[in-house]
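The task is simple: from the sequences and hints, build the whole structure.
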Amino acid sequence: MFDSLPFSWLNPTCDRLKFGIESCRHVTTMKSLYGRDLITTQDWSVEELERTLDLSFEFKANRYDHPLNNCLDRRTFFMFFYNPSVRTRQSFEAAATELGGHAQFLEPKTMRLKSGKSAGETVEDAAQVMSRYAVGIGIRILETAIEHYGQGDELLRQYADNASVPIVSMAHDRFHPCQGLADVMGYRQHAGTNLKGKKILQVWGKGALVRSWCSVQESILINSRLGMDVTLAYPPGYDLDPEVIKWCEENAETADSTFEIVHDLEDGYKNADIVYSRNWMTAGFYEDMVKRGIDEAKKNEIEIAAKYDDWITTKDWMSKTNNAFFTHCGPVDRNAEVTDEVCDGSRSIVYDVAENRLHVQKAIMALTMGKQ
Amino acid sequence: MFDSLPFSWLNPTCDRLKFGIESCRHVTTMKSLYGRDLITTQDWSVEELERTLDLSFEFKANRYDHPLNNCLDRRTFFMFFYNPSVRTRQSFEAAATELGGHAQFLEPKTMRLKSGKSAGETVEDAAQVMSRYAVGIGIRILETAIEHYGQGDELLRQYADNASVPIVSMAHDRFHPCQGLADVMGYRQHAGTNLKGKKILQVWGKGALVRSWCSVQESILINSRLGMDVTLAYPPGYDLDPEVIKWCEENAETADSTFEIVHDLEDGYKNADIVYSRNWMTAGFYEDMVKRGIDEAKKNEIEIAAKYDDWITTKDWMSKTNNAFFTHCGPVDRNAEVTDEVCDGSRSIVYDVAENRLHVQKAIMALTMGKQ
Amino acid sequence: MFDSLPFSWLNPTCDRLKFGIESCRHVTTMKSLYGRDLITTQDWSVEELERTLDLSFEFKANRYDHPLNNCLDRRTFFMFFYNPSVRTRQSFEAAATELGGHAQFLEPKTMRLKSGKSAGETVEDAAQVMSRYAVGIGIRILETAIEHYGQGDELLRQYADNASVPIVSMAHDRFHPCQGLADVMGYRQHAGTNLKGKKILQVWGKGALVRSWCSVQESILINSRLGMDVTLAYPPGYDLDPEVIKWCEENAETADSTFEIVHDLEDGYKNADIVYSRNWMTAGFYEDMVKRGIDEAKKNEIEIAAKYDDWITTKDWMSKTNNAFFTHCGPVDRNAEVTDEVCDGSRSIVYDVAENRLHVQKAIMALTMGKQ
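Top line first, the protein sequences correspond to chains A, P and B. Counting the first sequence from 1 gives a position; this note's numbering is that position plus 50. Counting the second sequence from 1 gives a position; this note's numbering is that position plus 50. Counting the third sequence from 1 gives a position; this note's numbering is that position plus 50.
Simulated from the structure, these hints should not be mistaken for lab results. Any given hint could turn out to be false.
For chains that are exact copies, the list does not tell them apart, and a pair is met inside one copy or across any two.
Result set (SDA-like, lysine to any residue): computed pairs, CA atoms no more than 25 angstroms apart in a straight line [unchecked claim]:
{"#": "1", "residue 1": "K246", "residue 2": "E303"}
{"#": "2", "residue 1": "K357", "residue 2": "E171"}
{"#": "3", "residue 1": "K159", "residue 2": "E405"}
{"#": "4", "residue 1": "K110", "residue 2": "N120"}
{"#": "5", "residue 1": "K246", "residue 2": "H198"}
{"#": "6", "residue 1": "K110", "residue 2": "R182"}
{"#": "7", "residue 1": "K421", "residue 2": "Y401"}
{"#": "8", "residue 1": "K246", "residue 2": "D203"}
{"#": "9", "residue 1": "K159", "residue 2": "L192"}
{"#": "10", "residue 1": "K357", "residue 2": "D291"}
{"#": "11", "residue 1": "K421", "residue 2": "H116"}
Computed from a predicted structure; not experimentally measured.
Pasting the structure below:
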């Protein structure tokens with residue numbers, strides 16, 4: 051949308067100090083976020099991400115009485131769920147409600163949108179018309195609704211090109227920016243506001259859920275961007291998007307931190323300050339799905355994953371870390387990605403991270419589409 | 051519901067002047083709209099339609115701060131979707147939100163309503179109980195949810211007879227009053243507030259969507275009613291409801307304007323000020339659907355429609371008009387009903403008309419069910 | 051949740067007097083209801099039920115301007131529908147709206163919750179995370195979503211054990227507390243505020259709907275609890291939950307009233323002050339459903355029920371009563387459970403009882419989860 055509106059969120063003072071956050075060095079130079087899309091945190095500047103995190107902490111501290119808590123007053127936010135979700139729907143709809151607005155729950159399968167197979171409305175027309183009714187549009191589109199990796203991201207960018215209101219990813223095949231911001235917020239709550247030099251282990255976990263790359267890719271992007279030392283660990287065959295990996299390397303270089311990929315669990319857990327385990331699919335899944343159908347492709351993925359019995363976060367593995375916090379984007383696949391013992395242990399921050407989805411989404415809405 | 055409540059919308063002054071609308075001659079004599087159903091614009095007086103259009107323009111000019119913008123405060127509006135819809139759901143739900151209320155999205159397939167085939171709640175009971183919870187009820191019911199033309203209209207009138215709150219059509223087999231009002235609002239924005247003597251061409255368009263008669267019938271009714279010269283153009287076999295045609299003829303006579311039916315495109319486009327193309331089904335569709343099933347019936351309709359290759363609004367056809375505006379009720383079936391060139395051209399008003407759905411629906415809600 | 055919070059709903063004065071309700075004897079000694087679950091009225095004290103009924107009457111008398119009408123301001127209530135419903139969804143969603151909040155309509159079939167057959171989120175995790183987003187959670191789960199009687203109740207209690215916000219039954223296999231409270235409110239409106247010694251006939255009705263025990267069991271529990279003389283009448287084979295029957299007997303003893311079971315309609319209707327007819331399934335239904343599938347099990351139930359032709363509330367049967375009021379929890383299966391003549395007669399209170407669902411649910415929400 052509008053990339054160069056004057057900065058309008060009144061006098062962003064050093065409220066980060068108030069919530070224990072290090073510094074405000076970038077705040078005064080950033081552009082307003084009003085009208086901006088959020089498809090991945092990589093599209094926003096570090097300053098913009100920090101501003102969003104600041105406001106998220108404010109909303110957490112002052113859930114129902116923050117001065118911006120009326121900023122969606124009577125406004126509509128559309129949630130487009132090409133794929134279903136528990137937490138994303140709940141937290142976005144609650145976020146709009148807490149800001150005085152309303153989020154409409156829309157499932158394109160019940161709507162006459164044009165597809166390869168049927169006549170209907172084009173994305174161009176839908177985006178233009180929806181922009182007349184709503185102040186913003188969230189879109190969720192994952193593997194089972196698309197035919198090749200990247201198609202979901204293309205769709206979001208096509209909406210963004212045609213809508214005159216912000217498009218926000220509610221998780222798509224490539225990215226999950228709200229999760230990435232909620233993760234960071236959780237680390238700052240627990241591991242300290244200065245995460246520079248802290249080691250986060252992003253580790254593949256076994257399981258039968260054949261999960262998307264989006265949360266993992268967003269995690270390694272934002273954490274390398276914000277200066278953490280990121281170790282990505284997975285068994286052979288689970289390579290992620292090469293472009294995302296390249297960005298992570300660049301992010302680490304810019305932030306003067308490290309980004310490394312390992313295939314050995316010992317190397318991964320050693321000295322980690324935060325452990326984030328999560329299952330994801332192989333790079334071959336999409337092609338397989340198109341070729342053999344989704345059921346066969348999933349079956350195949352589950353068989354491949356079943357070989358890697360060690361790839362579960364246990365108390366033993368956690369004992370090799372620097373007394374690390376355990377995190378997960380949820381929903382947790384217990385006793386596959388992580389044992390109950392670790393997930394329910396005193397170092398687990400999974401519920402706090404889940405709660406943060408609400409706060410960051412309120413901040414994103416307030417900054418990009420709240421009334422000015 | 052209540053047909054003779056005292057007029058209560060405070061002092062309707064000549065605000066039409068403020069928004070460039072011609073005169074207020076009827077305002078002081080009309081009945082209050084509070085408690086009234088809206089099943090077709092034909093059921094309301096011209097004065098009542100003008101009052102609604104006036105308020106629609108006010109809401110457009112003052113979207114979030116109009117004095118009536120709290121008139122659904124904490125009130126519930128039920129939306130009953132026997133058939134799904136994009137824009138109708140989005141615009142009605144947004145309208146209720148903008149007035150401080152909430153529209154519930156209900157799909158009777160997920161509810162235990164009595165049908166010919168199963169036990170369940172009667173319309174009488176459902177209407178009475180819903181009247182206890184909500185201030186109004188919208189209903190959408192189209193071809194695929196009914197067995198013969200007119201059955202949807204009967205259902206709405208049955209709800210209206212049993213509910214003690216207003217029933218509003220959100221499009222049914224016969225009529226689509228909100229679309230008709232949104233259309234007129236668009237013409238006044240672009241073609242001038244005085245539409246008397248302007249020629250509107252309502253033209254059948256080819257395509258594979260087998261569309262309902264409702265938007266087209268509402269259009270020719272309200273436009274003949276409000277004094278436009280209406281030309282209805284379609285290929286043989288696409289006759290509409292004879293009773294609606296009779297009403298259009300009577301409307302034109304009363305308004306001292308013209309209503310004509312042509313089967314020749316040259317005649318249709320010549321000197322038109324507004325062109326509104328739209329596909330619709332043949333009169334035989336319902337019988338065919340009951341006899342052969344919906345898939346066969348649709349296939350048959352698509353085959354019939356495919357013969358009329360010329361029936362698409364092109365730049366060439368538009369060049370025969372009086373530099374006409376192009377309109378459509380949406381969603382547009384591009385390159386079937388109209389070419390991209392015309393639909394995206396400078397004379398296209400399709401997005402403005404789509405936006406107007408929001409404003410007219412707010413006005414209808416405010417006037418018929420807003421707090422007094 | 052919290053069982054012993056200090057009483058915080060400001061100075062509950064004898065407002066029962068204002069609305070014609072007998073006495074306030076218990077009010078000052080009860081615990082606050084804030085944070086409490088409501089799975090059956092049997093879990094709450096009589097004083098707590100009275101407090102809830104008092105506030106329900108207040109909300110009825112002052113629907114949009116009650117001082118507590120902002121108590122869910124910007125708050126979210128989750129409605130979990132494992133089974134669909136008309137009135138429960140409409141009335142809960144309207145209740146939250148009228149209190150300034152928003153009820154999210156969630157259907158677990160569209161969500162990734164763990165089941166016996168598939169990986170996914172556990173109830174423990176779902177309950178904990180949802181507690182971060184919402185101020186309360188309603189759950190509806192009936193026969194077709196479970197495998198044995200009692201499983202729905204177990205699920206609600208499992209949610210209650212893991213959530214830090216109140217769990218409210220929106221009808222489950224065993225109980226339907228909101229219906230029970232709405233029933234009592236209706237009796238007080240019509241049969242007088244002092245129901246001590248009034249006879250209520252709870253009578254099985256024929257029909258093809260194979261209905262749950264929940265409304266009936268809640269009715270006999272709350273009515274025996276609050277001192278009515280309860281007669282439960284049904285044909286052989288329609289025994290209800292033995293534990294519920296035992297509680298009813300204890301309730302009657304404590305309240306110094308009577309509870310009896312009869313299988314003869316003459317005995318049942320004789321001198322009744324209130325007649326409540328309702329179909330319910332045999333005790334064998336669940337086993338049959340698991341063994342033969344739901345369609346066969348339903349067919350079998352319908353065949354069994356069809357033998358009892360007399361079990362319909364007619365004008366003749368009503369003539370044996372003490373000019374009784376007729377009530378039903380809705381939706382009414384007309385001319386099976388009751389004739390049109392009785393249901394539409396001057397002594398029928400079915401629509402008022404239906405309306406009361408809204409008021410009692412507002413009261414429950416205000417007291418258990420409203421802002422303090």
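Original post:
Failing hints, ascending?
Top reply: Violated hints (numbers, rising): 5, 8; every other hint is consistent with the structure.
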